[in-house]
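> First residue of the sequence shown: 355, per our numbering; consecutive thereafter.
All the pointers check out, no bait thrown in.
List time: in silico SDA-like cross-link candidates among lysine to any residue, alpha-carbon distance up to 25 Å:
id : residue 1 : residue 2
1  : Lys359    : Asp403
2  : Lys359    : Leu398
3  : Lys359    : Leu394
4  : Lys359    : Met524
5  : Lys359    : Phe395
6  : Lys359    : Arg418
7  : Lys359    : Val370
8  : Lys359    : Tyr411
9  : Lys359    : Leu422
10 : Lys359    : Arg525
11 : Lys359    : Gly520
Since the hints were derived computationally from the structure, they do not count as laboratory data.
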Amino acid sequence: MPSGKTHDTITLLLAVPTFAAAWGVTGSYLLAGVATGAMLFGGLMFGPDLDILSRQYTRWGVFRVLWLPYRVVFRHRSRWSHGIILGTLVRVAYFAGVLAVIVAASIYLRALFAAGGMPPAVADVLQAWRVIEAGISTYGIDRDVVWAVLAGLWWGAASHTLTDVGWSLMRKSTEIF
355 MPSGKTHDTI
365 TLLLAVPTFA
375 AAWGVTGSYL
385 LAGVATGAML
395 FGGLMFGPDL
405 DILSRQYTRW
415 GVFRVLWLPY
425 RVVFRHRSRW
435 SHGIILGTLV
445 RVAYFAGVLA
455 VIVAASIYLR
465 ALFAAGGMPP
475 AVADVLQAWR
485 VIEAGISTYG
495 IDRDVVWAVL
505 AGLWWGAASH
515 TLTDVGWSLM
525 RKSTEIF
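Input sequences plus hints: build the corresponding full structure.
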């Protein structure tokens, strides 16, 4: 398989064509920039190799602990980690779940401390969620931006998987001759 350095180089080389394609499709510099940024993040930080000790994994620094359950559950190069469609969807769902647990724990702890160390009532926790919900609705994210992020994340990870497949095919064809 290609090295992490090769994957990084390919990701960086795809930035300009990604921006051009996204701008051509959307007609928006903002959405093209969002998609390109998400592609770079997807290729450099959020790609299929988070299930092993890789460049992508180590780039998370102290936050790589968030990916330990993912590494335990998913076998390397399985359809769940390297699948062209499922791989990115699984990572997005996994990471959203991790963030939800962190937010829920933070809300609970905030409510706990606000109540003077006593376990908060359900109403206190619900009130904290309402504050978050109000903030989200006030500063709502446009649906097109969400799609640009998802498309960029997918393309960053897909370029990794497609590079792996191409590399394997090249190696097999040279072994035949």
